[in-house]
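Peer 1: Chain residues, written in single-letter form:
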Amino acid sequence: MSTSTIIPTVAVEEDFRTRAHNALGDQQLRNNFRTAMDSLMTKRAAAFSDAHEREHLRALGNSIKARALSKLPDLLEQLEQNLTRNGVTVHWAETVDEANGIVLSIIRAHEARQVIKGKSMVSEEMEMNHFLEARDIECLESDMGEYIVQLDHEKPSHIIMPAIHKNAGQVASLFHDKLGVEYTKDVDQLIQIGRRVLRQKFFEADIGVSGVNFAVAETGTLLLVENEGNGRMTTTVPPVHIAVTGIEKVVENLRDVVPLLSLLTRSALGIPITTYVNMISGPRKEHELDGPQEVHLVLLDNGRSQAFADSELRQTLNCIRCGACMNHCPVYTRVGGHTYGEVYPGPIGKIITPHMVGLAKVPDHPSASSLCGACGEVCPVKIPIPAILRRLREENVKAPDAPNQVMRGQGSKYSRKERFIWNAWAKLNSSPTLYRIFAFFATRLRGLTPSNIGPWTQNHSAPKPAARSLHDMAREHLGKQGERR
Amino acid sequence: MSAKQNILGKLRKSLTGTTPIADTFDVDLVTQPYTYSAEQRIPQLRKLMEAVHTEIHLSSGAEWPALLAQLLRDRQLPSLLIAPTTPHGQRITQHWANNPELPALKSYDRPMEEWKTELFNDTPASLTGTLGAIAATGSLIIWPTREEPRLMSLVPPVHFALLKASEIRDNFYQVQQEFEWAQGMPTNALLVSGPSKTADIEQVLAYGAHGPKDLVVLILEDQ
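Same order as they appear, the protein sequences are chains R and X.
If you're matching positions, the first sequence starts at 46 in the working numbering and goes up one per residue.
If you're matching positions, the second sequence starts at 47 in the working numbering and goes up one per residue.
Since the hints were derived computationally from the structure, they do not count as laboratory data.
Quantities reported herein were computed from a predicted structural model and do not represent experimental measurements.
A couple of the hints might just be wrong.
Claimed, not checked - Listed below are the simulated DSS-like cross-link pairs for lysine-lysine, each with C-alpha atoms no more than 27 angstroms apart in a straight line: (1) X:Lys259 with R:Lys88; (2) R:Lys427 with R:Lys88; (3) X:Lys59 with R:Lys443.
Isolated chain R, as found in the complex:
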């Protein structure tokens, strides 16, 4: 994949560690995240007050996604057939460049200048806004959070709540500076300002771009959930609607969305359902009075087929993008979404991003975790995130010539020295003779151990072998016992 033509709005500063360090020192940012995550965790817990139901529902969600993935190519073809029958044009893209190219060709075919977007994480993967702006096409976000983030030339810091890193005062200043409105911290007023600006944009837009929450193969239906109504506006008012989605969003049957929808909204926001569940099965029919004349669906791979190839990593594609893993992550809550430097932050970001950009580009992703297990425990479709993180750590230190290479950019943390040390350590601990010789010298030469051993001694005192080994002392102890008898 080449993304060289795409200019990010915010240059991603430094590396993960530096960004994390900076974020940890930003008290405002930490307060904003802490408050929001605490509230989201409480809401989710209340929405799943019946643990028995919750666990069975999670198991069902997992089995629905596993079933869909187990026949993914067939379901994608069925989806395409049914959508085509319904009058929707389906496009396939292996890379984000291809996907952007498809979107651009549709826009050019209509000589369109203004695009309005509903919330779509896949379009963030594509960096669609910048791609289109570089070609003189306005591409405006219409989700309130996304709009705020775009106005400040930032990226979303959370997949459900893009502007969660800002407080009302920061939004007030932003609106005052960029829109020339009177400064107000009143959230109702701020939202009404956004509503006024964006209503005009919905009115003018030539093209609406949205994501998809679930694509139903059985009926050829695109299901979108949202609270604001911007998704409905985007998919109903402009003459052309382009939906972009990952190939893993397809489910087999319409009934499958019943538990998935419930899991999604309860896990994400702690609500029984979103304000709008929008099921789109085609463009405006003859004699209908509104709705888009054309509907397109772009199915994007972008590394998903790589995750799919390995049965353990395939589970990454169960994700229904609820964000619960980040809400419950002690690391995400402290460092915030921007620290990850990529589209998907938090635990799910750590396991999906390496497939999209290559492990070498995000070498610290798998290790930026305490492996506390909270993400795996709350995941509504039971993705074993901690196990996958451990797996990616292994893949990232594999020798370049090791067999079974499963992902692009793997082995980026491979070090011959480290590998040599571990091999020696393994040998030492599996051979009694070698171990005895080692213990003999380690105890007697303990004065020679270095006091500085890299990152370890930044936060810990250096380890020093004891004067006598445990084996030695045990042997002596058992010997004395023998004498007493």
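Mind docking chain X on chain R? Use the hints.
Peer 2: Same frame as chain R, now just chain X:
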């Protein structure tokens, strides 16, 4: 090779030698906790919809036009958008004919493009029917048609919706089964569970984000 062939080829190769996972969909799990008696349905729907700022009025088949007229006057709404060929649209037209002092009626009777500016800027309220509701989640089922198009329930800031009490279903699964949606979906089907809202700024809930600021449901208890 096209992108489609490449993607499908890779996926198929990865699945070589595997068998599809069996369908073990557990219907009870998504229906049993969400089954209600006839007496429970309206209170359950009300509880959930009112929790998200929906205004609910109980009325009857005979009285709802007068109630609607009163609600329009209370809110000082200058006009109401209706779908003139629907039964409820016709009912309103009759009622209005007998009461000439009521707010003006507008009809959604031509393609949106022909009156887009007026729809966006000068249409303060609308009335639509519903296909029923879902008690489990507090949702109206809206199935826009040629007669009653999609934007009626979205663009006007106040949306009045008529709901027959007998058409309140228990849960989404039951609705899909009863309407046989798996055999064919309409161009657009919607579940609407309150007025438009957002919590995108500091998680503070604000109503009237992009869709209606007010959703007013008239439940016809005798229908």
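Peer 1: Indicate, hint by hint, whether the structure satisfies it.
Peer 2: Verification of the hints:
Of the supplied pair hints, the one linking Lys259 (chain X) and Lys88 (chain R) holds, its CA atoms being roughly 24 angstroms apart against a limit of 27 angstroms. Only pairs whose Cα atoms come within 27 angstroms are accepted, and Lys427 (chain R) paired with Lys88 (chain R) is accepted, the gap being roughly 19 angstroms. With a C-alpha separation of about 24 angstroms, the suggested pair Lys59 (chain X) and Lys443 (chain R) falls inside the 27 angstroms cut-off, and the hint holds.
No hint from the list above goes unmet by this structure.
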